[in-house]
Amino acid sequence: MRAIQATWSLACGLLALLAAPPVTRAQPPSQPQPPSQPQAPRSGGVVERDVVELAPARGARIERIDIDNRLGDVKIEGHDREALSIIAVKRAPDQETLERLKVSLVPDPGGAVMVSTSLLAGLEARPIPAGSVRIDLIVKAPRSAQVQAQVWKGRIAVSGVENGAELVTDDGDIAVSEVTGAVSTHSGHGRQTFARVFGAIDARALEGDLDLDVVRGDRVAAVVQEGQVNGRRVAVRELSVLVTRGSISIEGEAMAGGRYRVASYWGNVQVKLGGKAPLHVRAHSREGRVSLPRRFRPRTAHDGVVTATYGAGGTAADIDLRTRVGSITLAEF
Amino acid sequence: MDDEPVDIAAKKPAALSVVRPQRRASTAADQGDDAVLVEACRRGEKRAMEALYHRYKRRVFGLVTRIVGPGDAEEVAQEVFVRIFRGLGRFRGDSQLSTWIYRLSVNAALSHVTRRPRHEVDDEALAHVPAPEVRGTDPTVSQRLEQALARLPAGYRAVIVLHDIHGMNHEEVAEILGCQVGTSKSQLHKARARMRELLGPELAAERAAQRGGGA
Amino acid sequence: MIGCRDTDRLVTAYVDGDLDERRSSALRGHLRVCTRCAARVEDEVRLRDAAARLEPLDPPADLWQAIDARLAEEEIADAQRGRLWLWWQRGVDVVRRHAIPAGALGAAAAAALAIWIAPSGDEPARRHAAPAVAGAGEVEPAAGEAGSSPEPDGACAGAAGHDELVLCQMHRSDRRYLQAIEELSAALADERSAWSAEDAARFDAAIAELDRAAQDELKRLAARGAASPADRDPLYAIYRAKIDLLSQAVVGGVPAEGR
Numbered sequence: 001m002r003a004i005q006a007t008w009s010l011a012c013g014l015l016a017l018l019a020a021p022p023v024t025r026a027q028p029p030s031q032p033q034p035p036s037q038p039q040a041p042r043s044g045g046v047v048e049r050d051v052v053e054l055a056p057a058r059g060a061r062i063e064r065i066d067i068d069n070r071l072g073d074v075k076i077e078g079h080d081r082e083a084l085s086i087i088a089v090k091r092a093p094d095q096e097t098l099e100r101l102k103v104s105l106v107p108d109p110g111g112a113v114m115v116s117t118s119l120l121a122g123l124e125a126r127p128i129p130a131g132s133v134r135i136d137l138i139v140k141a142p143r144s145a146q147v148q149a150q151v152w153k154g155r156i157a158v159s160g161v162e163n164g165a166e167l168v169t170d171d172g173d174i175a176v177s178e179v180t181g182a183v184s185t186h187s188g189h190g191r192q193t194f195a196r197v198f199g200a201i202d203a204r205a206l207e208g209d210l211d212l213d214v215v216r217g218d219r220v221a222a223v224v225q226e227g228q229v230n231g232r233r234v235a236v237r238e239l240s241v242l243v244t245r246g247s248i249s250i251e252g253e254a255m256a257g258g259r260y261r262v263a264s265y266w267g268n269v270q271v272k273l274g275g276k277a278p279l280h281v282r283a284h285s286r287e288g289r290v291s292l293p294r295r296f297r298p299r300t301a302h303d304g305v306v307t308a309t310y311g312a313g314g315t316a317a318d319i320d321l322r323t324r325v326g327s328i329t330l331a332e333f
Numbered sequence: 001m002d003d004e005p006v007d008i009a010a011k012k013p014a015a016l017s018v019v020r021p022q023r024r025a026s027t028a029a030d031q032g033d034d035a036v037l038v039e040a041c042r043r044g045e046k047r048a049m050e051a052l053y054h055r056y057k058r059r060v061f062g063l064v065t066r067i068v069g070p071g072d073a074e075e076v077a078q079e080v081f082v083r084i085f086r087g088l089g090r091f092r093g094d095s096q097l098s099t100w101i102y103r104l105s106v107n108a109a110l111s112h113v114t115r116r117p118r119h120e121v122d123d124e125a126l127a128h129v130p131a132p133e134v135r136g137t138d139p140t141v142s143q144r145l146e147q148a149l150a151r152l153p154a155g156y157r158a159v160i161v162l163h164d165i166h167g168m169n170h171e172e173v174a175e176i177l178g179c180q181v182g183t184s185k186s187q188l189h190k191a192r193a194r195m196r197e198l199l200g201p202e203l204a205a206e207r208a209a210q211r212g213g214g215a
Numbered sequence: 001m002i003g004c005r006d007t008d009r010l011v012t013a014y015v016d017g018d019l020d021e022r023r024s025s026a027l028r029g030h031l032r033v034c035t036r037c038a039a040r041v042e043d044e045v046r047l048r049d050a051a052a053r054l055e056p057l058d059p060p061a062d063l064w065q066a067i068d069a070r071l072a073e074e075e076i077a078d079a080q081r082g083r084l085w086l087w088w089q090r091g092v093d094v095v096r097r098h099a100i101p102a103g104a105l106g107a108a109a110a111a112a113l114a115i116w117i118a119p120s121g122d123e124p125a126r127r128h129a130a131p132a133v134a135g136a137g138e139v140e141p142a143a144g145e146a147g148s149s150p151e152p153d154g155a156c157a158g159a160a161g162h163d164e165l166v167l168c169q170m171h172r173s174d175r176r177y178l179q180a181i182e183e184l185s186a187a188l189a190d191e192r193s194a195w196s197a198e199d200a201a202r203f204d205a206a207i208a209e210l211d212r213a214a215q216d217e218l219k220r221l222a223a224r225g226a227a228s229p230a231d232r233d234p235l236y237a238i239y240r241a242k243i244d245l246l247s248q249a250v251v252g253g254v255p256a257e258g259r
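Chains as they are written, first to last, in the working numbering: chain A, 1 to 333; chain B, 1 to 215; chain C, 1 to 259.
Hint data in this document are derived by calculation from the structure and do not stem from the laboratory. Do not rely on the hints blindly, as some may be mistaken.
As the list claims (entries may be wrong) - With a straight-line Cα cutoff of 20 Å, these simulated SDA-like cross-link-like pairs (lysine to any residue) come out:
#, chain 1, residue 1, chain 2, residue 2
1, A, K75, A, V51
2, B, K46, C, I76
3, A, K272, B, T183
4, B, K190, C, L10
5, B, K185, C, A52
6, B, K46, C, W64
7, B, K57, C, R224
8, B, K185, C, R5
9, B, K185, A, N230
10, A, K102, C, A230
11, A, K272, B, K46
12, B, K190, A, P293
Claimed, not checked - Here chain A is said to cover these stretches of chain B; the calculated rule only asks that three of the stretch's residues, wherever they fall, bring their Cβ under 8 Å from a Cβ of chain A:
#, segment
13, 50-63
14, 104-115
Claimed, not checked - If you want a taste of the chain A side facing chain B, the calculated C-beta under 10 Å gives, among others:
#, residue
15, E207
16, Q228
17, G246
18, N268
19, Q270
20, H280
21, H284
22, S285
23, E287
24, G288
25, R289
26, V325
27, G326
Keep in mind that this is a model prediction, so the values were computed, not measured. Just so it is clear, CB atoms sit at the ideal spot from N, CA and C, and this is done for glycine as well.
Generate coordinates for the entire structure from the input sequences, incorporating the hints supplied.
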């Protein structure tokens, strides 16, 4: 344990503030290399690309990566090495402002690494033109590390990690692919896509569409204030999709004993759930039509609520579909 | 169903092209104009708002009329434009303005239809459908088209109006209606099939007329 | 082999040019020898062309006046709306019109963003899309796809400096949360009528707790005078919890289960 701590604190000291020198390997005191030449991008201003690598001591692992970058995008890819590698691309209108853009890496003894970015207040406090500074991070992390990323106005893309992810953006897209584990997301404005996710998804969006393609495991829970939700090849035990304004279309499988609730306040609900389990359906549309496949019998309808069952033998899957204004369609499968 | 022997050589499928009549696609210039207008509207400039209204009034009114019928069209069109102007603050320019406006129009129209008590459009209302100008070589189908359209279920009507009358492609229709592209295609197929049933006599008459007069 | 049944199935795609060349050619072959299908295709083309030739419809000449009058009515209604809402809108103007220098952000910014703001001056209420409230299906449709862009977007384009931009973005973010909460709360009234007294009490207690937490957080923000996105994380977490609760109740029809 002490050995690990020693390595961590050395690394801390060396990597605490990444300003100009791009260090390529986190080793005990070495000559800091000269800053990479800032290149002038076509539109004016300067760009600098720094690369950092952080290798845990022998026997230790990076358990968790916590990224807080309010100045740009974050992209995280899982890889098969134990090391953490970060590419930071900084953009600023001039060299002096560029030097105020900082990326900080703070490992803690528990095996977590915190990565954060900041814009230091300059001594002369020269005002910075809006939209002229940014830091984008590309992170390659061990697959087994848990990932947490928070951005402000920026995109988050995560792929290839196996222990889940927690992603928050106020304004920007979230793209999750080839991820295993519990994934939770929030976006204030932006599109969220999930492709080949195994585990559980808890997605929240204020304004934006959600797209799911091949999702398996325990749970998909989505709450969207305004946007469309589309899901294909969704096979989970528990599904809850709530959209205040927007239509929902889900295609997938219903499992025995599973619970599937798909509701829109203002929008159409279209669901196609296959599988071997018998189905018990409850559908309620206050101001629209409900369509169920013909082979669903018997069905009762009162107060606008239609209930029907299909199949027998084994525990039924429970399907609850509702909308206030819109139509409900449970499609043939 | 026809049992006449077919003379392949003699039967030229007169002027029936499989090419869709092209509507004028929206150009970059159009979209630029829209952007300028939208900005001015957001600032509350009355003249810009009126200009925007005039630019889109036919599209909105046409779409709305054909979905809700001529009786309620004015009320719904008014509602649509009010939503447009009050919603411009939130329009982000991710989709084209026209797509956004169409979406508002379709949603308002469909919502209006589902809200009113479901009954068949009565003959009195049908009689007031404006008779379209007679053009081309098939007067009877065109004249009856609006009436047949009025008898389709609202969902089918929306797809035909967007795709066939307003010339959208399936991607645009899907975006406007919030469905998959495949759904738009199959809905159009069913809608046209239903129209074909409703306009059976007129279509047969025209086929006969063509055969009689054509080469 | 293409037969009559295939023709029925493919006619729409064929006529619209969506069918691949191989099948189109096979279909054309079938049409040469089958009058029924040839007639079917003819009909489809006639229908399509007739629809495309329909004349555009002109609205009545006085429609614009009616719209203008409606908009005026709505503006008056906005003016009479709850004071909280109006003060919030004025907050937008205060923040936007007074370029706040980078150093002096602090308390001024936090105060501007806090929900209790005394209206300063007499700015006219901005023409603003009122949160559409569902009563008779009046909810506005989903605005559709939203993506991020690297440049400052329209709503905050007026910001000149980096700090002002971030402030504007934070304000917009606050507004998004509050608008969602307001819309859901308004729709709630309708849903509640079907709840049991027990469910209603449990729900109200949960909401009250979140409201208290939000108020505390806002006071803390105002006192600290800090104005950076990270500072608002706790507040936003509370808003999200409230939206979750409201959505479950309003959209899902499930009053709060013990959380």
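For which of the previously enumerated hints does the structure constitute a violation, in increasing order of number? The structure conflicts with hints 7, 11, 13, 20 and 21, although it agrees with all the remaining ones.
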